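There are 2 protein chains.
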Amino acid sequence: MLLLKLFIFFSFFSSTFSHDPHPLPRPLIIQYPEGIETHFHEFDDELKSQCTSWRFAVEANNLSPWKTIPEECLGYIKDYMTGRGYEMDLERVSKEAGVYANTLELSRDGKDVWIFDIDETLLSNLPYYVEHGYGLEIFDPIEFDKWVQRGTAPAIEPSLQLYEKVLDLGFKIFLLTGRNEQHRLITIENLTKAGFRRWDKLILRGREHHGKLATVFKSEKRSEMVEEGYRILGNSGDQWSDLLGAAASSRSFKLPNPMYYIP
Amino acid sequence: MLLLKLFIFFSFFSSTFSHDPHPLPRPLIIQYPEGIETHFHEFDDELKSQCTSWRFAVEANNLSPWKTIPEECLGYIKDYMTGRGYEMDLERVSKEAGVYANTLELSRDGKDVWIFDIDETLLSNLPYYVEHGYGLEIFDPIEFDKWVQRGTAPAIEPSLQLYEKVLDLGFKIFLLTGRNEQHRLITIENLTKAGFRRWDKLILRGREHHGKLATVFKSEKRSEMVEEGYRILGNSGDQWSDLLGAAASSRSFKLPNPMYYIP
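From first to last, the protein sequence lines are chains R and B. Counting from 1321, one number per residue, gives the positions in the first sequence under this note's numbering. Counting from 1321, one number per residue, gives the positions in the second sequence under this note's numbering.
Some hints could be false.
[As the list claims (entries may be wrong)] In the DSSO-like style, the derived pairs of lysine-lysine whose C-alpha atoms are separated by at most 30 Å in a straight line are:
1. B:1368 x R:1368
2. B:1521 x B:1431
3. B:1415 x R:1532
4. B:1485 x B:1415
5. R:1415 x B:1521
It should be emphasised that the hints constitute simulated quantities derived from the structure, not laboratory data. These figures come from a predicted structure and were not determined experimentally.
All chains should be modelled from the sequences, with the hints used to inform the complete structure.
Structure (structure tokens):
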């Protein structure tokens, strides 16, 4: 955008030079054609509205499976993810979940469960996505696995606060993640380093679940919990595939994620 | 905001007059204290971000039941509802639903169903809410009933386009609404006037369903459809209580509605 403005600016400048019999009139004032700034703003505003609308469609689960973010929304999503927007949304969902958790009367039989997803729910892969176009690049599982193996994903702070709260309230915490079983050790190491101090189950995707949609895998795992007598009272995840399907939680909390989609 | 700016502007002006030995220096340039414009923008931007975040929480179903919109977001929601934002979101959800409908192979046995909610899905009550603070006033069922009885709610155009499309594709259309049975005739009249040309069932809330949550009422009605052998392939509604619960549709489409919440 800045480049375009500069280009137009210099175009007028050069036309001033080449055709005007008084190439440098005093005072030297070079004006945009009337209203051109307004047009830029309108274009910016329209694009911003379109990208906000796309993001809402993501968060309301209205979109068909998508593989990359819209190219024209790259700047918008970068601003959202690295600015106040993402942080604010994370804080709000954590707060709402906490308010809900507080209202529940737990039965103290060790069967009240809160489920957390891991990636973009407890741990942030934003440092990876900053280097990979915020979801503009097609997902590269090999590169992403390398990042996971570093075990340096930071905590999502508002989620850590919720985590502490539901632990203190007496919930059992089950971590249910699409990460592969082979990443168990590094995942434990990363979670611990990021401040997540204890959990009751860490369920990763074993060999027998390869190739299943996340919705199916997670629904099966939740159904097993229910069969074992657990009550799933809360569920936090950044993907609708964390939340929808069989044995859904009494209440689900959708964390924002405009960077990728897992069916 | 403008008044405040003018006030500050004239405050500086008058102080220039009263204390300066050269009341009208040349050139006459009156400056805001450094950064004051930036502060105004920051305040505006922060509020806008907060209200966008609230709207995101509504659309992702993260909020506890709420009765009125946040007071500070009135201007934001008014702008959204009457500007391009709402329109854009309606168009997107209609388009996405249409794309999905096109991909389905219907079985031509008359059992493929698309469910539509009515208020804020097919018909717009925006003219009513414009007069009632865009959701800032507590819902008044008597006043709202009077509005419904006028039968003048306009069509939501993108929904009408989707409606036509799914009809043409051969779906059965079931209208499932929380409106009371006593409004059946005026509802038919209003729908017809707004251009909705035919449907296969119009299910309103009868006396036996009074006092039930919308989620329960609608889940029961969907379950009956499934028992009768219908396949619910699509469901369009502006409330999560239109979409969640038993016998959920294969895919659901959440229309935007930041003005009110029905549990």
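For a quick check of understanding: which of the numbered hints are violated here, in increasing order? 5
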